[in-house]
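> Sequence:
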Amino acid sequence: MEFNEKSFSCNIFKLNLTDIQPNIHYYPTNDEPLIYYVDNPYFTSPKKDGIIPKLLKDFAKFIRINLNLFVLSRSTLYVYICTNSSAYTFENQSVSLIVKEFKEELAKLNLVSSTDTIIRHISNREKGIFSWAAMNYYLGNFHKHRRTVGILTLEKDFFQISFSSDINNKSITPKIFHFANKAYKVYSFIYRDLGYYTAFTKTLASDLPKRFEGHNHPCLLYNSKLQYQDLTFFGTGKFNDCQNLIENKVLSANQSFYTNNINGIKRFYALSSFSEVNSDLDLNSDSPLSELLSKAKEICQQDISYFLAEFKPNINSTEICFNAIYQYNLLYRIQSDNNFSIIKINRTYNHMFTWHIGAIVGDLTSESFMRKIPQNSYNITVRVLFFGFGGIIGVWVAQRLFADVSFETAVPEDCKPLTSNKDENNNDLSFDNE
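Using my numbering, the first residue of the sequence shown is number 256, and each one after it goes up by one.
I should point out that these hints are in silico values taken from the structure, not numbers from a laboratory. Please note: incorrect hints may appear among the correct ones.
[Claimed, not checked] Simulated restraints on C-beta separations:
(1) N323 <-> E553: 20 to 30 Å
(2) E553 <-> Q482: 23 to 33 Å
(3) H398 <-> D294: 37 to 47 Å
(4) S351 <-> D294: 19 to 29 Å
[Unchecked claim] Straight-line C-alpha distance at most 25 Å; calculated DSS-like pairs for lysine-lysine:
(5) K269 <-> K363
(6) K480 <-> K550
(7) K550 <-> K457
(8) K504 <-> K440
(9) K437 <-> K399
(10) K355 <-> K309
(11) K493 <-> K504
(12) K493 <-> K411
(13) K521 <-> K437
(14) K316 <-> K303
(15) K355 <-> K302
(16) K363 <-> K316
(17) K457 <-> K504
(18) K358 <-> K303
(19) K358 <-> K312
(20) K316 <-> K358
(21) K355 <-> K411
(22) K550 <-> K493
(23) K269 <-> K316
(24) K552 <-> K493
Backbone N, C-alpha and C define an ideal beta-carbon position, used for all residues, glycine too.
Using the sequences provided together with the hints, build the complete structure.
Here you go:
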(Lines of atoms letter the chains of each structure in order from A and count residues from 1; the text may use other names and numbers.)
(Lines give C-alpha, C1' and ligand atoms only; values in the text may rest on other atoms or scores of the structure.)
Protein backbone atom coordinates (compact mmCIF):
# COMPACT_ATOMS: atom_id res chain seq x y z
CA MET A 1 0.00 0.00 0.00
CA GLU A 2 1.12 3.56 -0.62
CA PHE A 3 0.27 6.45 1.68
CA ASN A 4 1.41 9.80 0.27
CA GLU A 5 0.33 13.42 0.02
CA LYS A 6 -2.23 12.61 -2.68
CA SER A 7 -3.59 9.12 -2.19
CA PHE A 8 -3.86 5.97 -0.13
CA SER A 9 -3.53 2.97 -2.42
CA CYS A 10 -2.72 -0.71 -2.46
CA ASN A 11 -1.24 -3.06 -5.04
CA ILE A 12 -1.47 -6.78 -4.37
CA PHE A 13 0.90 -9.44 -5.67
CA LYS A 14 0.98 -13.21 -5.60
CA LEU A 15 4.04 -15.41 -5.81
CA ASN A 16 4.42 -19.06 -6.74
CA LEU A 17 7.80 -20.50 -5.84
CA THR A 18 8.07 -23.78 -7.69
CA ASP A 19 11.55 -23.45 -9.14
CA ILE A 20 14.83 -21.63 -8.64
CA GLN A 21 13.16 -18.69 -10.43
CA PRO A 22 10.13 -17.43 -8.42
CA ASN A 23 7.02 -16.47 -10.33
CA ILE A 24 5.63 -13.09 -9.22
CA HIS A 25 2.40 -11.62 -10.57
CA TYR A 26 -0.06 -8.91 -9.75
CA TYR A 27 -3.17 -10.30 -8.12
CA PRO A 28 -5.25 -11.66 -9.72
CA THR A 29 -3.49 -10.98 -13.06
CA ASN A 30 -0.91 -8.55 -14.45
CA ASP A 31 -3.40 -7.26 -17.04
CA GLU A 32 -6.21 -6.71 -14.53
CA PRO A 33 -4.59 -6.13 -11.14
CA LEU A 34 -6.67 -5.64 -8.02
CA ILE A 35 -5.87 -2.08 -6.92
CA TYR A 36 -7.22 -0.10 -3.99
CA TYR A 37 -7.10 3.70 -4.39
CA VAL A 38 -8.67 6.59 -2.47
CA ASP A 39 -7.81 10.26 -2.05
CA ASN A 40 -5.75 11.00 1.04
CA PRO A 41 -6.74 14.15 3.01
CA TYR A 42 -4.12 13.61 5.74
CA PHE A 43 -1.52 16.15 4.61
CA THR A 44 -4.00 18.89 3.71
CA SER A 45 -6.31 18.58 6.70
CA PRO A 46 -5.57 20.82 9.74
CA LYS A 47 -6.99 18.11 12.02
CA LYS A 48 -5.36 14.76 11.43
CA ASP A 49 -7.05 12.81 14.23
CA GLY A 50 -9.22 10.02 12.92
CA ILE A 51 -8.11 10.23 9.29
CA ILE A 52 -5.71 7.29 9.34
CA PRO A 53 -8.05 5.00 11.32
CA LYS A 54 -10.84 5.65 8.80
CA LEU A 55 -8.54 4.98 5.84
CA LEU A 56 -7.37 1.76 7.43
CA LYS A 57 -10.92 0.72 8.32
CA ASP A 58 -12.12 1.21 4.75
CA PHE A 59 -9.08 -0.63 3.45
CA ALA A 60 -9.75 -3.52 5.83
CA LYS A 61 -13.24 -3.84 4.36
CA PHE A 62 -11.69 -4.02 0.91
CA ILE A 63 -9.33 -6.78 2.03
CA ARG A 64 -12.17 -8.73 3.63
CA ILE A 65 -14.23 -8.64 0.44
CA ASN A 66 -11.45 -9.39 -2.06
CA LEU A 67 -8.92 -11.66 -0.34
CA ASN A 68 -9.09 -15.15 1.12
CA LEU A 69 -9.12 -14.54 4.87
CA PHE A 70 -8.27 -18.16 5.63
CA VAL A 71 -5.01 -17.81 3.72
CA LEU A 72 -4.18 -14.51 5.41
CA SER A 73 -4.95 -15.91 8.86
CA ARG A 74 -2.21 -18.53 8.43
CA SER A 75 0.35 -16.06 7.12
CA THR A 76 3.43 -14.27 8.41
CA LEU A 77 3.54 -10.47 8.12
CA TYR A 78 6.54 -8.51 6.81
CA VAL A 79 6.52 -4.69 7.01
CA TYR A 80 8.88 -2.50 4.99
CA ILE A 81 9.32 1.20 5.74
CA CYS A 82 10.92 3.62 3.31
CA THR A 83 10.83 7.39 3.76
CA ASN A 84 11.59 9.73 0.88
CA SER A 85 12.13 12.66 3.22
CA SER A 86 14.61 12.97 6.05
CA ALA A 87 11.75 14.45 8.09
CA TYR A 88 10.39 10.95 8.63
CA THR A 89 12.84 8.53 10.18
CA PHE A 90 12.33 5.01 11.44
CA GLU A 91 11.80 6.28 14.98
CA ASN A 92 9.50 9.11 13.92
CA GLN A 93 6.24 8.97 15.86
CA SER A 94 4.15 9.55 12.73
CA VAL A 95 5.55 6.47 10.99
CA SER A 96 5.29 4.43 14.17
CA LEU A 97 1.67 5.48 14.55
CA ILE A 98 0.78 4.28 11.07
CA VAL A 99 2.45 0.93 11.67
CA LYS A 100 0.76 0.58 15.06
CA GLU A 101 -2.69 1.40 13.72
CA PHE A 102 -2.22 -0.91 10.77
CA LYS A 103 -1.35 -3.78 13.12
CA GLU A 104 -4.34 -2.97 15.31
CA GLU A 105 -6.69 -2.97 12.33
CA LEU A 106 -5.34 -6.34 11.21
CA ALA A 107 -5.79 -7.68 14.74
CA LYS A 108 -9.42 -6.52 14.82
CA LEU A 109 -10.15 -8.37 11.61
CA ASN A 110 -8.04 -11.37 12.62
CA LEU A 111 -6.42 -11.35 9.19
CA VAL A 112 -3.05 -12.43 10.56
CA SER A 113 -3.08 -14.73 13.55
CA SER A 114 0.70 -14.88 13.99
CA THR A 115 2.47 -12.24 16.09
CA ASP A 116 5.67 -12.78 14.13
CA THR A 117 6.02 -9.39 12.42
CA ILE A 118 9.33 -8.18 11.00
CA ILE A 119 9.73 -4.42 10.48
CA ARG A 120 12.45 -3.17 8.17
CA HIS A 121 13.58 0.31 7.25
CA ILE A 122 14.55 0.63 3.60
CA SER A 123 16.55 3.65 2.51
CA ASN A 124 16.34 5.19 -0.95
CA ARG A 125 19.65 3.52 -1.70
CA GLU A 126 18.19 0.12 -0.92
CA LYS A 127 15.11 0.96 -2.98
CA GLY A 128 17.43 1.50 -5.93
CA ILE A 129 19.05 -1.86 -5.31
CA PHE A 130 15.66 -3.55 -5.15
CA SER A 131 14.64 -1.80 -8.40
CA TRP A 132 17.81 -3.26 -9.92
CA ALA A 133 16.79 -6.68 -8.60
CA ALA A 134 13.25 -6.37 -9.99
CA MET A 135 14.47 -5.48 -13.47
CA ASN A 136 17.06 -8.24 -13.65
CA TYR A 137 14.53 -10.71 -12.26
CA TYR A 138 12.03 -9.94 -15.03
CA LEU A 139 14.74 -10.13 -17.70
CA GLY A 140 15.72 -13.59 -16.43
CA ASN A 141 19.32 -12.52 -15.80
CA PHE A 142 19.52 -14.19 -12.38
CA HIS A 143 18.20 -17.53 -13.51
CA LYS A 144 20.45 -17.76 -16.57
CA HIS A 145 23.46 -16.07 -14.93
CA ARG A 146 23.58 -13.53 -17.74
CA ARG A 147 25.18 -10.10 -17.62
CA THR A 148 23.05 -7.83 -15.45
CA VAL A 149 21.72 -4.42 -16.45
CA GLY A 150 21.86 -1.18 -14.50
CA ILE A 151 19.07 1.15 -13.37
CA LEU A 152 18.73 4.92 -13.75
CA THR A 153 16.05 6.54 -11.58
CA LEU A 154 15.03 10.19 -11.72
CA GLU A 155 12.67 11.27 -8.96
CA LYS A 156 11.43 14.64 -7.80
CA ASP A 157 14.27 15.21 -5.33
CA PHE A 158 17.11 12.88 -6.39
CA PHE A 159 18.82 11.07 -9.26
CA GLN A 160 20.06 7.52 -8.71
CA ILE A 161 22.38 5.05 -10.46
CA SER A 162 22.22 1.38 -9.42
CA PHE A 163 24.30 -1.44 -10.90
CA SER A 164 26.30 -4.55 -10.07
CA SER A 165 30.08 -4.58 -10.33
CA ASP A 166 32.87 -6.85 -9.10
CA ILE A 167 35.24 -3.90 -8.80
CA ASN A 168 35.70 -2.70 -5.22
CA ASN A 169 34.90 0.93 -4.42
CA LYS A 170 36.06 2.40 -1.14
CA SER A 171 33.59 5.30 -1.12
CA ILE A 172 30.50 3.15 -0.56
CA THR A 173 29.75 -0.30 0.79
CA PRO A 174 27.92 -2.49 -1.74
CA LYS A 175 24.83 -4.51 -0.96
CA ILE A 176 25.46 -8.24 -1.38
CA PHE A 177 22.43 -9.61 -3.20
CA HIS A 178 22.13 -13.41 -3.45
CA PHE A 179 20.17 -15.27 -6.05
CA ALA A 180 20.44 -18.74 -7.60
CA ASN A 181 23.64 -19.61 -5.74
CA LYS A 182 25.37 -16.47 -6.96
CA ALA A 183 26.30 -13.31 -5.05
CA TYR A 184 25.96 -9.92 -6.74
CA LYS A 185 27.82 -6.88 -5.44
CA VAL A 186 25.35 -4.04 -6.05
CA TYR A 187 26.12 -0.32 -5.81
CA SER A 188 23.58 2.48 -5.66
CA PHE A 189 24.58 6.15 -5.83
CA ILE A 190 22.18 8.99 -5.04
CA TYR A 191 22.60 12.62 -6.15
CA ARG A 192 20.29 14.78 -4.06
CA ASP A 193 20.71 17.99 -6.08
CA LEU A 194 19.77 16.37 -9.38
CA GLY A 195 16.11 15.49 -8.85
CA TYR A 196 14.03 16.92 -11.67
CA TYR A 197 11.99 19.29 -9.49
CA THR A 198 14.99 20.26 -7.38
CA ALA A 199 16.85 21.15 -10.57
CA PHE A 200 13.85 23.04 -11.94
CA THR A 201 13.53 25.24 -8.86
CA LYS A 202 17.25 26.02 -9.06
CA THR A 203 16.71 27.58 -12.47
CA LEU A 204 13.87 29.64 -11.01
CA ALA A 205 15.94 30.70 -8.03
CA SER A 206 18.68 32.04 -10.29
CA ASP A 207 16.72 35.29 -10.69
CA LEU A 208 15.27 35.56 -7.19
CA PRO A 209 17.50 38.42 -5.95
CA LYS A 210 16.02 40.79 -8.55
CA ARG A 211 12.62 40.70 -6.83
CA PHE A 212 10.55 42.26 -9.58
CA GLU A 213 7.88 41.17 -12.04
CA GLY A 214 8.58 40.22 -15.62
CA HIS A 215 11.25 37.53 -15.48
CA ASN A 216 11.73 35.76 -18.81
CA HIS A 217 12.52 32.07 -18.48
CA PRO A 218 13.98 30.06 -21.39
CA CYS A 219 12.89 26.66 -19.98
CA LEU A 220 9.16 27.45 -20.05
CA LEU A 221 6.96 27.07 -23.12
CA TYR A 222 6.59 30.22 -25.18
CA ASN A 223 3.93 32.59 -23.78
CA SER A 224 3.41 30.42 -20.71
CA LYS A 225 3.25 31.96 -17.24
CA LEU A 226 4.48 30.58 -13.92
CA GLN A 227 4.08 32.00 -10.43
CA TYR A 228 6.91 30.93 -8.12
CA GLN A 229 7.04 32.36 -4.60
CA ASP A 230 6.62 36.12 -5.14
CA LEU A 231 7.88 36.12 -8.73
CA THR A 232 6.15 35.71 -12.07
CA PHE A 233 8.07 34.03 -14.90
CA PHE A 234 7.14 34.26 -18.59
CA GLY A 235 8.22 31.48 -20.91
CA THR A 236 10.40 32.17 -23.93
CA GLY A 237 11.10 28.54 -24.91
CA LYS A 238 14.69 29.22 -25.97
CA PHE A 239 16.43 25.87 -26.13
CA ASN A 240 20.05 27.03 -26.11
CA ASP A 241 19.51 29.49 -23.26
CA CYS A 242 17.72 26.83 -21.22
CA GLN A 243 20.49 24.32 -21.86
CA ASN A 244 23.10 26.81 -20.67
CA LEU A 245 21.03 27.67 -17.60
CA ILE A 246 20.80 24.00 -16.64
CA GLU A 247 24.51 23.49 -17.10
CA ASN A 248 25.46 26.57 -15.09
CA LYS A 249 22.93 26.33 -12.25
CA VAL A 250 22.59 22.57 -11.85
CA LEU A 251 25.04 20.24 -13.56
CA SER A 252 28.24 22.27 -13.24
CA ALA A 253 27.93 22.03 -9.45
CA ASN A 254 27.77 18.23 -9.68
CA GLN A 255 30.95 17.18 -11.41
CA SER A 256 31.31 14.05 -9.27
CA PHE A 257 29.08 11.76 -11.33
CA TYR A 258 30.01 8.23 -10.45
CA THR A 259 30.94 6.78 -13.84
CA ASN A 260 33.84 4.55 -12.82
CA ASN A 261 33.22 0.81 -12.73
CA ILE A 262 30.17 1.01 -15.00
CA ASN A 263 32.11 0.46 -18.22
CA GLY A 264 31.24 -3.23 -17.97
CA ILE A 265 27.50 -2.47 -17.94
CA LYS A 266 26.20 -2.69 -21.49
CA ARG A 267 22.65 -1.53 -20.85
CA PHE A 268 20.80 0.70 -18.40
CA TYR A 269 17.05 0.84 -17.93
CA ALA A 270 15.66 4.29 -17.11
CA LEU A 271 12.63 4.43 -14.81
CA SER A 272 10.27 6.93 -13.17
CA SER A 273 10.52 10.42 -14.69
CA PHE A 274 12.74 9.18 -17.52
CA SER A 275 10.01 6.86 -18.79
CA GLU A 276 7.22 9.37 -18.14
CA VAL A 277 8.85 12.14 -20.17
CA ASN A 278 9.79 9.64 -22.88
CA SER A 279 6.12 8.64 -23.13
CA ASP A 280 4.96 12.27 -23.09
CA LEU A 281 7.24 13.00 -26.05
CA ASP A 282 6.03 9.87 -27.93
CA LEU A 283 9.54 8.45 -28.20
CA ASN A 284 10.34 4.76 -28.50
CA SER A 285 11.84 3.07 -25.47
CA ASP A 286 15.17 2.54 -27.26
CA SER A 287 15.26 5.94 -28.95
CA PRO A 288 18.76 7.49 -29.02
CA LEU A 289 19.63 10.77 -27.34
CA SER A 290 19.63 12.50 -30.72
CA GLU A 291 15.86 11.93 -30.96
CA LEU A 292 15.35 13.28 -27.45
CA LEU A 293 17.35 16.34 -28.46
CA SER A 294 15.23 16.91 -31.58
CA LYS A 295 11.98 16.45 -29.69
CA ALA A 296 13.11 18.80 -26.91
CA LYS A 297 13.89 21.53 -29.43
CA GLU A 298 10.54 20.99 -31.13
CA ILE A 299 8.44 21.02 -27.99
CA CYS A 300 10.10 24.02 -26.34
CA GLN A 301 9.38 26.37 -29.21
CA GLN A 302 5.65 25.59 -29.13
CA ASP A 303 3.29 28.34 -28.04
CA ILE A 304 1.51 27.35 -24.83
CA SER A 305 -1.93 27.66 -26.46
CA TYR A 306 -0.92 25.36 -29.32
CA PHE A 307 0.62 22.88 -26.90
CA LEU A 308 -2.51 22.68 -24.78
CA ALA A 309 -4.65 22.17 -27.87
CA GLU A 310 -2.51 19.57 -29.60
CA PHE A 311 -0.88 17.50 -26.86
CA LYS A 312 -2.12 15.11 -24.19
CA PRO A 313 -4.06 16.93 -21.46
CA ASN A 314 -2.26 15.04 -18.67
CA ILE A 315 1.18 16.36 -19.66
CA ASN A 316 2.59 18.98 -17.28
CA SER A 317 2.89 21.97 -19.60
CA THR A 318 4.79 23.94 -16.95
CA GLU A 319 7.75 21.58 -16.79
CA ILE A 320 7.71 19.60 -20.06
CA CYS A 321 10.21 21.87 -21.84
CA PHE A 322 12.60 21.91 -18.88
CA ASN A 323 12.28 18.16 -18.27
CA ALA A 324 13.05 17.30 -21.89
CA ILE A 325 16.18 19.46 -22.00
CA TYR A 326 17.28 18.48 -18.50
CA GLN A 327 17.04 14.79 -19.22
CA TYR A 328 18.99 15.21 -22.44
CA ASN A 329 21.78 17.11 -20.67
CA LEU A 330 21.86 14.65 -17.78
CA LEU A 331 21.89 11.49 -19.92
CA TYR A 332 24.40 12.98 -22.36
CA ARG A 333 26.81 13.73 -19.55
CA ILE A 334 26.54 10.16 -18.23
CA GLN A 335 26.57 8.36 -21.55
CA SER A 336 29.27 10.40 -23.29
CA ASP A 337 32.06 8.73 -21.29
CA ASN A 338 30.59 5.23 -21.32
CA ASN A 339 29.62 2.74 -23.98
CA PHE A 340 26.16 1.55 -22.98
CA SER A 341 22.61 1.79 -24.28
CA ILE A 342 19.65 3.26 -22.39
CA ILE A 343 16.15 1.80 -22.49
CA LYS A 344 13.32 3.97 -21.17
CA ILE A 345 10.54 1.78 -19.83
CA ASN A 346 7.14 2.73 -21.20
CA ARG A 347 4.97 4.41 -18.56
CA THR A 348 2.35 1.67 -18.99
CA TYR A 349 4.81 -0.97 -17.79
CA ASN A 350 6.56 1.10 -15.14
CA HIS A 351 4.62 -0.67 -12.38
CA MET A 352 6.15 -4.02 -13.35
CA PHE A 353 9.61 -2.95 -12.25
CA THR A 354 8.97 -1.35 -8.88
CA TRP A 355 11.29 -1.95 -5.93
CA HIS A 356 8.66 -3.99 -4.07
CA ILE A 357 9.19 -6.95 -6.39
CA GLY A 358 12.95 -6.75 -5.85
CA ALA A 359 12.33 -6.74 -2.11
CA ILE A 360 10.28 -9.91 -2.45
CA VAL A 361 12.98 -11.61 -4.51
CA GLY A 362 15.63 -10.51 -2.01
CA ASP A 363 13.74 -11.78 0.99
CA LEU A 364 13.17 -15.17 -0.62
CA THR A 365 16.85 -15.84 0.06
CA SER A 366 16.91 -14.29 3.52
CA GLU A 367 17.71 -16.48 6.48
CA SER A 368 14.58 -15.44 8.38
CA PHE A 369 12.36 -16.46 5.47
CA MET A 370 14.17 -19.74 4.82
CA ARG A 371 13.78 -20.85 8.43
CA LYS A 372 10.02 -20.93 7.86
CA ILE A 373 10.17 -23.14 4.76
CA PRO A 374 10.78 -26.93 4.52
CA GLN A 375 13.91 -27.16 2.40
CA ASN A 376 12.86 -29.92 0.02
CA SER A 377 9.09 -29.90 -0.02
CA TYR A 378 6.93 -26.83 -0.47
CA ASN A 379 5.07 -24.41 -2.64
CA ILE A 380 4.44 -20.80 -1.64
CA THR A 381 1.78 -18.26 -2.47
CA VAL A 382 2.60 -14.71 -1.42
CA ARG A 383 0.29 -11.73 -1.50
CA VAL A 384 1.98 -8.39 -1.24
CA LEU A 385 0.52 -5.14 0.07
CA PHE A 386 2.32 -1.80 0.00
CA PHE A 387 1.76 1.54 1.69
CA GLY A 388 3.93 4.47 2.75
CA PHE A 389 4.18 7.72 4.69
CA GLY A 390 6.16 10.42 2.92
CA GLY A 391 7.46 7.37 1.10
CA ILE A 392 6.42 3.77 1.22
CA ILE A 393 5.73 1.07 3.74
CA GLY A 394 5.43 -2.34 2.12
CA VAL A 395 3.83 -5.45 3.51
CA TRP A 396 3.84 -8.96 2.17
CA VAL A 397 2.58 -12.19 3.65
CA ALA A 398 3.67 -15.76 2.89
CA GLN A 399 1.42 -18.80 2.99
CA ARG A 400 3.16 -22.17 3.13
CA LEU A 401 1.66 -25.10 1.24
CA PHE A 402 2.92 -28.62 0.53
CA ALA A 403 4.40 -29.73 -2.78
CA ASP A 404 7.20 -32.00 -3.96
CA VAL A 405 9.53 -29.26 -5.12
CA SER A 406 13.18 -28.78 -4.27
CA PHE A 407 14.69 -25.39 -3.44
CA GLU A 408 18.23 -24.68 -4.66
CA THR A 409 18.87 -21.09 -3.64
CA ALA A 410 21.59 -20.77 -0.99
CA VAL A 411 20.80 -19.08 2.30
CA PRO A 412 23.04 -15.98 2.59
CA GLU A 413 24.53 -15.25 5.97
CA ASP A 414 24.56 -11.49 5.47
CA CYS A 415 20.94 -10.98 4.34
CA LYS A 416 19.31 -10.63 7.73
CA PRO A 417 16.21 -8.44 8.16
CA LEU A 418 16.89 -4.95 9.42
CA THR A 419 15.39 -4.10 12.79
CA SER A 420 17.00 -0.65 13.01
CA ASN A 421 18.45 2.05 10.75
CA LYS A 422 21.72 0.16 10.30
CA ASP A 423 22.69 -2.08 7.41
CA GLU A 424 24.76 -5.25 7.69
CA ASN A 425 27.96 -3.16 7.89
CA ASN A 426 26.54 -0.94 10.65
CA ASN A 427 26.16 1.96 8.21
CA ASP A 428 23.43 4.47 9.02
CA LEU A 429 20.54 4.17 6.58
CA SER A 430 18.33 6.85 8.11
CA PHE A 431 19.26 9.45 5.51
CA ASP A 432 20.76 9.37 2.05
CA ASN A 433 23.46 12.03 2.16
CA GLU A 434 25.66 10.56 -0.51
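> Output the indices of the hints that this structure fails to meet, ascending.
1, 8, 21
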